[in-house]
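Undergrad: Spelled out from the first residue to the last, the chains are:
2 protein chains.
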Amino acid sequence: MIDPRVASGLRDIPPSVMIPRERMLATFRRTFASFGYVPIETPHIERMEVLTGKGAGSDEVLRQIFEVINKGGEAGKLALRFDLTVPLARFVAKHVNELGTPFKRYAIGSVFRGERPAKGRFREFVQCDFDTVGTESAVADAETAHVIYAALTAAGVPAFRITLNNRKILDGLLDTLGAADKTGPVLRALDKLAKVGRDKVLGELQRGEEDSSTRLLSAEQAARILDFVEQGQGGVEVLSRVEETLGRHPRAAEGIANLRTILGLLDAASVPAAYLALDLGLARGLDYYTGVVFETTINGWEKFGSISSGGRYDNLASLFTDRRLPGVGASIGLDRLLALMEEAGWLQGTATTVPVLIAQFPGVDAAVAVKLGARLRAAGVGAEVFPEPIQVGKQMGYGSTRGHKVAVIVGPDEAGKELFNLRDLATRQEQKAIPWAELEASVKRALGDS
Amino acid sequence: MIDPRVASGLRDIPPSVMIPRERMLATFRRTFASFGYVPIETPHIERMEVLTGKGAGSDEVLRQIFEVINKGGEAGKLALRFDLTVPLARFVAKHVNELGTPFKRYAIGSVFRGERPAKGRFREFVQCDFDTVGTESAVADAETAHVIYAALTAAGVPAFRITLNNRKILDGLLDTLGAADKTGPVLRALDKLAKVGRDKVLGELQRGEEDSSTRLLSAEQAARILDFVEQGQGGVEVLSRVEETLGRHPRAAEGIANLRTILGLLDAASVPAAYLALDLGLARGLDYYTGVVFETTINGWEKFGSISSGGRYDNLASLFTDRRLPGVGASIGLDRLLALMEEAGWLQGTATTVPVLIAQFPGVDAAVAVKLGARLRAAGVGAEVFPEPIQVGKQMGYGSTRGHKVAVIVGPDEAGKELFNLRDLATRQEQKAIPWAELEASVKRALGDS
Chain A
2 MIDPRVASGL
12 RDIPPSVMIP
22 RERMLATFRR
32 TFASFGYVPI
42 ETPHIERMEV
52 LTGKGAGSDE
62 VLRQIFEVIN
72 KGGEAGKLAL
82 RFDLTVPLAR
92 FVAKHVNELG
102 TPFKRYAIGS
112 VFRGERPAKG
122 RFREFVQCDF
132 DTVGTESAVA
142 DAETAHVIYA
152 ALTAAGVPAF
162 RITLNNRKIL
172 DGLLDTLGAA
182 DKTGPVLRAL
192 DKLAKVGRDK
202 VLGELQRGEE
212 DSSTRLLSAE
222 QAARILDFVE
232 QGQGGVEVLS
242 RVEETLGRHP
252 RAAEGIANLR
262 TILGLLDAAS
272 VPAAYLALDL
282 GLARGLDYYT
292 GVVFETTING
302 WEKFGSISSG
312 GRYDNLASLF
322 TDRRLPGVGA
332 SIGLDRLLAL
342 MEEAGWLQGT
352 ATTVPVLIAQ
362 FPGVDAAVAV
372 KLGARLRAAG
382 VGAEVFPEPI
392 QVGKQMGYGS
402 TRGHKVAVIV
412 GPDEAGKELF
422 NLRDLATRQE
432 QKAIPWAELE
442 ASVKRALGDS
Chain B
2 MIDPRVASGL
12 RDIPPSVMIP
22 RERMLATFRR
32 TFASFGYVPI
42 ETPHIERMEV
52 LTGKGAGSDE
62 VLRQIFEVIN
72 KGGEAGKLAL
82 RFDLTVPLAR
92 FVAKHVNELG
102 TPFKRYAIGS
112 VFRGERPAKG
122 RFREFVQCDF
132 DTVGTESAVA
142 DAETAHVIYA
152 ALTAAGVPAF
162 RITLNNRKIL
172 DGLLDTLGAA
182 DKTGPVLRAL
192 DKLAKVGRDK
202 VLGELQRGEE
212 DSSTRLLSAE
222 QAARILDFVE
232 QGQGGVEVLS
242 RVEETLGRHP
252 RAAEGIANLR
262 TILGLLDAAS
272 VPAAYLALDL
282 GLARGLDYYT
292 GVVFETTING
302 WEKFGSISSG
312 GRYDNLASLF
322 TDRRLPGVGA
332 SIGLDRLLAL
342 MEEAGWLQGT
352 ATTVPVLIAQ
362 FPGVDAAVAV
372 KLGARLRAAG
382 VGAEVFPEPI
392 QVGKQMGYGS
402 TRGHKVAVIV
412 GPDEAGKELF
422 NLRDLATRQE
432 QKAIPWAELE
442 ASVKRALGDS
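The listed protein sequences correspond, in order, to chains A and B.
Residue numbers for the first sequence follow my numbering, beginning at 2 and rising by one.
Residue numbers for the second sequence follow my numbering, beginning at 2 and rising by one.
Don't read these hints as lab results, they were simulated from the structure.
Take the hints with a grain of salt, since some may be wrong.
Straight-line alpha carbon distances no greater than 30 Å define the calculated DSSO-like cross-link-like pairs of lysine-lysine that follow [unchecked claim]: (1) A:LYS193 <-> B:LYS72; (2) B:LYS78 <-> A:LYS120; (3) A:LYS72 <-> B:LYS395; (4) A:LYS95 <-> B:LYS72; (5) A:LYS72 <-> B:LYS78; (6) A:LYS95 <-> B:LYS78.
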């Protein structure tokens with residue numbers, strides 16, 4: 002006997018999780034498509050050099066890579082993708098001439114990272130990405146936030162907050178402080194602000210020996226940055242404040258104008274202001290992005306972290322082509338969102354895809370159940386025929402456990418007269434002796450009631 | 002620069018293929034679900050011993066396996082799945098106690114085989130599997146063919162043929178001929194009948210030295226088998242004929258009765274007889290299956306081979322559990338079917354997911370286009386806002402190329418008066434100066450007409 006366990010860090014997804022997951026995926030596909038994003042698919046396996054090219058993934062991600070070897074093939078040549086962004090860059094570089102720009106694509110698929118196994122973290126998980134490539138337009142920036150709003154709302158998330166920032170504002174601030182070359186380490190320090198607090202970040206910003214060239218920032222520089230960041234949270238009024246201090250710096254002014262335009266377009270799109278927030282300290286991903294950045298948290302569930310992040314990049318595919326391809330996009334973390342919604346009790350639990358169970362009565366021709374099932378499906382009502390004429394009580398138990406709503410039962414007496422009984426599996430009440438001619442209408446009525 | 006090509010035998014799927022593919026997958030999911038099959042998902046990566054356990058895969062499939070190695074991990078421990086059946090067996094063995102039986106599941110996902118690259122053959126392809134586990138009922142057998150019929154019909158395949166056989170009938174014939182122990186090689190010889198013709202198969206059935214114990218079959222045995230098989234094609238009348246010769250053999254009689262029951266249930270389910278055929282020589286997969294088997298070819302496109310195959314197995318999960326789990330199921334080859342439908346011209350070509358393009362007129366506030374787009378989406382009409390206010394003719398070209406049907410255009414004159422123009426992108430005719438208040442109604446009317 003072989004142990005039927007899955008490999009470490011991987012998992013089986015049972016029907017009770019897959020049913021709401023498929024519903025959510027269908028919602029995301031429909032939402033992306035309604036904005037004109039088109040689907041593409043790339044292989045799960047990529048050539049190693051595509052994935053490990055300079056800047057493709059962080060060092061951490063590259064340490065977690067899963068190598069793939071064909072029987073008789075050479076080692077080091079193939080690997081499983083760790084995100085959908087590097088494959089998008091490769092895809093666009095290869096196909097941009099046929100596709101033209103702007104190119105708006107969505108992609109939904111598994112990615113693989115050999116992280117240390119931990120509760121709620123898996124080595125295979127699904128990302129849902131959408132991007133607009135080949136334009137610098139703020140309309141595309143705003144649409145990215147609009148799509149996040151539309152997708153989460155359609156998926157039934159009650160209240161959430163999309164936080165925005167623009168990398169150019171912090172660039173401007175650092176430049177005015179004479180620290181334009183220190184963006185990277187400053188961003189990484191700021192990223193920890195919510196977790197470790199002001200004092201520790203102040204310390205990290207001033208690390209290195211005092212009065213030495215190895216010192217990152219002076220005490221005054223560090224304090225100015227933290228003051229700036231801590232006052233930079235809120236609505237559009239934040240932009241008026243920062244305009245006073247940084248409005249004359251060309252790069253900062255670009256960032257401010259971009260956020261102002263985005264908020265205006267989101268208002269035109271009827272995205273409620275309560276779902277939007279500015280945070281000039283939002284640092285995550287800034288190292289990678291070059292303009293607007295997004296993070297999304299669910300109200301009351303901020304501890305889960307961001308469930309949709311993204312931003313604008315200047316040059317997506319520079320590893321693969323000389324052609325400059327700016328773009329903007331975001332990714333929704335399906336599995337994290339589902340885990341959150343399950344914990345919050347927002348998912349409707351069911352282990353069936355159909356509302357109707359057709360029982361098979363012992364002694365009645367199975368063709369009766371099969372025929373009634375086919376009729377219900379033709380009328381648009383999902384119906385499962387129990388495959389064996391076992392004791393009817395056990396069949397009802399099967400339906401109750403899985404969440405079927407009603408059962409159609411045809412005993413020997415009913416079969417001859419073309420009648421059926423309709424049982425509500427929650428209340429156990431039964432309507433008796435309904436003519437087959439009224440099957441579709443009476444089942445639909447019962448489902449409407451239940 | 003890194004070459005943006007995919008690895009050998011793999012491919013990118015562009016929007017023009019993905020759009021009908023996603024539509025087809027949604028159709029399959031909806032069909033499977035309407036019969037009460039529930040979705041599950043298993044990891045793309047399995048433990049090597051799960052995939053290579055005795056009987057899990059054929060020698061050929063095992064030679065084609067893709068090994069997976071985590072950084073710092075041991076070789077030989079992990080691999081990519083080559084089908085969805087072995088993972089189902091493992092899943093059921095592990096979870097059957099929570100899930101109960103009958104367990105009806107569908108699974109859709111990529112599988113990986115390192116086949117020699119060739120036109121139309123890829124090393125990653127998608128299978129769409131559905132199975133009923135834990136019952137020997139002929140109702141489940143019939144339902145398997147019913148689901149194939151329903152899925153292909155819903156996907157828009159105009160005419161096809163589901164061919165059925167039952168392994169037990171050939172078992173009975175071989176037993177009466179005193180060759181019960183020679184099923185395997187006989188089946189493999191019969192499998193080639195359509196390709197190589199009667200004479201070559203006769204030769205193969207009599208291979209080995211004459212009058213020696215190494216001889217597979219005598220000339221008379223071989224001729225009897227071929228006569229039997231060649232007269233065994235057609236409708237239910239085939240069963241009456243075979244009943245005369247084999248009706249007294251218990252195992253053959255079981256097979257005959259099973260096929261008769263299945264045809265009766267499919268008639269009750271209103272599956273037209275023209276879509277069904279018996280073929281007592283249908284051998285493919287018989288080595289693996291133990292009861293009914295199915296193959297499906299598209300009328301006029303038989304050269305593409307079977308696009309949906311399956312059958313009944315006695316004991317799915319014997320590698321992983323002592324519990325006997327009989328079942329029946331089938332797999333639809335998504336990529337093969339799509340390739341066929343594309344070649345046949347049955348796919349509607351389009352490279353957009355929305356019917357409406359909203360132009361951005363130079364000099365008009367982008368908020369106008371964004372607002373009108375949001376209104377159309379809220380009314381259930383997919384709408385794409387062009388992201389930049391470039392020359393309107395170029396925006397119209399973008400829409401025509403991709404297959405948008407109409408364009409909404411608001412120039413500076415219209416913007417102030419809250420009017421828009423509606424252009425049919427196929428005929429280039431334009432309705433002028435429609436009030437914004439009539440946006441949804443007029444666009445829907447135009448799409449209904451176009």
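Undergrad: Each hint should be assessed against the structure and marked as holding or not.
TA: How the hints compare with the structure:
1. A:LYS193 <-> B:LYS72: Answer holds: LYS193 (chain A) to LYS72 (chain B) is near 28 Å, not above 30 Å.
2. B:LYS78 <-> A:LYS120: holds (23 Å)
3. A:LYS72 <-> B:LYS395: Violated, at about 50 Å.
4. A:LYS95 <-> B:LYS72: Cα-Cα ~29 Å, so holds.
5. A:LYS72 <-> B:LYS78: With a Cα-Cα distance of about 14 Å, the restraint between LYS72 (chain A) and LYS78 (chain B) holds, given a limit of 30 Å.
6. A:LYS95 <-> B:LYS78: Violated: LYS95 (chain A) and LYS78 (chain B) sit about 34 Å apart, past 30 Å.
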